[in-house]
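There are 2 protein chains.
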Amino acid sequence: MHRLKCTVQYDGTRYAGYQVQPNGHTVQEELEKALTKMHKGRRVKVTASGRTDSGVHARGQVIHFDTDLHIPASNWKRALASMLPPDIHVAHAEQVDNDFHARYDTTGKEYRYFVWNSQEPDIFRRNFTYHIKMPLQLEAMKTACRLIEGEHDFTSFCSSRTDVKGSKVRTIHQASIEKNGDELTFVFKGSGFLYNMVRILVGTLLEVGRGERKPEDLKAIIEAGNREAAGKTAPPHGLFLWKVDY
Amino acid sequence: MHRLKCTVQYDGTRYAGYQVQPNGHTVQEELEKALTKMHKGRRVKVTASGRTDSGVHARGQVIHFDTDLHIPASNWKRALASMLPPDIHVAHAEQVDNDFHARYDTTGKEYRYFVWNSQEPDIFRRNFTYHIKMPLQLEAMKTACRLIEGEHDFTSFCSSRTDVKGSKVRTIHQASIEKNGDELTFVFKGSGFLYNMVRILVGTLLEVGRGERKPEDLKAIIEAGNREAAGKTAPPHGLFLWKVDY
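Each protein sequence line maps, in turn, to chains A and B.
The opening position of the first sequence corresponds to residue 0 in numbering that gives the first Met the number 0, with each subsequent residue numbered one higher.
The opening position of the second sequence corresponds to residue 0 in numbering that gives the first Met the number 0, with each subsequent residue numbered one higher.
There may be inaccurate statements among the hints.
[What the hints assert, rightly or not] Quick list of in silico lysine-lysine cross-link-like pairs, BS3-like style, CA-CA up to 25 Å:
id	chain 1	residue 1	chain 2	residue 2
1	B	Lys4	B	Lys188
2	A	Lys76	B	Lys4
3	B	Lys76	A	Lys132
4	A	Lys44	A	Lys32
5	A	Lys242	A	Lys213
6	A	Lys141	A	Lys231
7	B	Lys213	A	Lys178
8	A	Lys76	A	Lys141
9	A	Lys76	A	Lys36
[As the list claims (entries may be wrong)] Beyond 10 Å from chain A on every Cβ pair, some chain B residues (computed):
id	residue
10	Gln8
11	Ser53
12	His56
13	His88
14	Arg125
15	Pro134
[As the list claims (entries may be wrong)] Stretch by stretch, here's where chain B covers chain A in the computed footprint (C-beta under 8 Å, at least three residues):
id	stretch
16	81-91
17	116-122
Since the hints were derived computationally from the structure, they do not count as laboratory data.
Note that the structure is predicted; figures quoted are calculated from it, not measured.
Every residue gets a Cβ at the ideal spot worked out from N, C-alpha and C, and that includes glycine.
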């Protein structure tokens, strides 16, 4: 047996999230179905860097699995492409050491969140951007971003449905916003992220952008250590798991 | 009664084309359903600049309909938005003279066709671009474009399933290709277009881009006056009705 590491892209629109669950169709299920077919019915278990919620997309999800098939790493991509639906794509495949672990070995992640800020919708990007009609104050949101960067206890930005029992201290290396025409891209790079953390950060930043909160409020929100102190959770369809570092 | 002219955008992915037909769900049907609801059940007929095929999109389809409702033109957009599905959007609405006709008064149209030319797919644009892995010769296709421009009998670029009984002479004011990264945008502006004309033009240009035909072959293809002389019809999902002129 040897271990393969793959970078996977998916359009999360029609999936009930990444992880296999009793009700609903998931990305993991599609990956395992394709691999099981390739292994002539022997079940292959896929391990990912982490789950993503229903409607959330990925540009750079990372998975690993073990196989006894002798296929050159460069051919795995093509073999999987022919088995997977058009909204899931394996962008990269390589053989790794047998002790590589897609979840435990991560050293950081990057998420991006896309907002379409215009009176008019962009119906062609409707599943990939969160449409906000009201003009947003970009500079205020950028100021607030600076208060997110660094090492903090992010309890205020963690859904109460989390599994995390231990520390909620995480380090955010970058929290920034780029504007291209009517599209805003929120970029978050960090050591790790709590459940719904990016969507709660974005939801809170958007309240700053709408003038409902001041940029400097972020300090008090973090210090509160209470989910109630932060803003609404932004909807899933603007969110992309962009990159996973090892 | 007064007449309204609207500019309509749609993602054609889940429709059996624009025009109402016995089998399948169409854009016209959605528009008429929304308008009929607004008119308390009285059926409203919508007339478009022309039909689009299954899977073809529109950025600037134009329609007209007659109404006795006294709603300011600026409010029609909002009223229709609340009645239409998220893949159809009314971008503009205005009251016009009662003799305006969305189909008969057109003076020209613009279509765009998007090609994603890369080894890797872009799954997030898969419904809006035609993915071609083989590298295309851009300059050869641009040279061929120049032979398309002007007034010609476009019989070779007209599907045999056309309704057109009269002349197939049309004037193409612009046939050009722009490259942005891995995406090619084919732009066609003309006095009018025959059935499947843009998709057959693109299919033929792509054969030039692949080196299967020479750019100068376009001259003989046009002169042949025979659909068999031209290339394959490119798939519908890369095509957008971009703008209609009056």
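Right, here's what the structure says about each hint:
1. B/Lys4 <-> B/Lys188: 22 Å, holds
2. A/Lys76 <-> B/Lys4: Roughly 49 Å separates the two Cα atoms, so the pair is violated.
3. B/Lys76 <-> A/Lys132: 14 Å, holds
4. A/Lys44 <-> A/Lys32: 10 Å, holds
5. A/Lys242 <-> A/Lys213: 30 Å, violated
6. A/Lys141 <-> A/Lys231: 18 Å, holds
7. B/Lys213 <-> A/Lys178: Answer violated: B/Lys213 to A/Lys178 is near 43 Å, above 25 Å.
8. A/Lys76 <-> A/Lys141: Distance ~39 Å between A/Lys76 and A/Lys141 Cα, so the pair is violated.
9. A/Lys76 <-> A/Lys36: 15 Å, holds
10. Gln8: Since the minimum Cβ distance to chain A is about 6 Å, B/Gln8 lies within 10 Å and the statement is violated.
11. Ser53: B/Ser53 clear of chain A: closest Cβ-Cβ about 17 Å, beyond 10 Å.
12. His56: Non-interface label on B/His56 violated, nearest chain A Cβ at 7 Å vs cutoff 10 Å.
13. His88: Contrary to the label, B/His88 does not stay out of reach of chain A, its closest Cβ about 5 Å off (not over 10 Å).
14. Arg125: Its Cβ does come within 10 Å of chain A, the nearest being 6 Å, so this is violated.
15. Pro134: 18 Å, holds
16. 81-91: holds (count 5)
17. 116-122: It holds, with 3 qualifying residues against the three required.
Checked against the numbered hints listed earlier, the structure breaks hints 2, 5, 7, 8, 10, 12, 13, 14; every other hint is satisfied.
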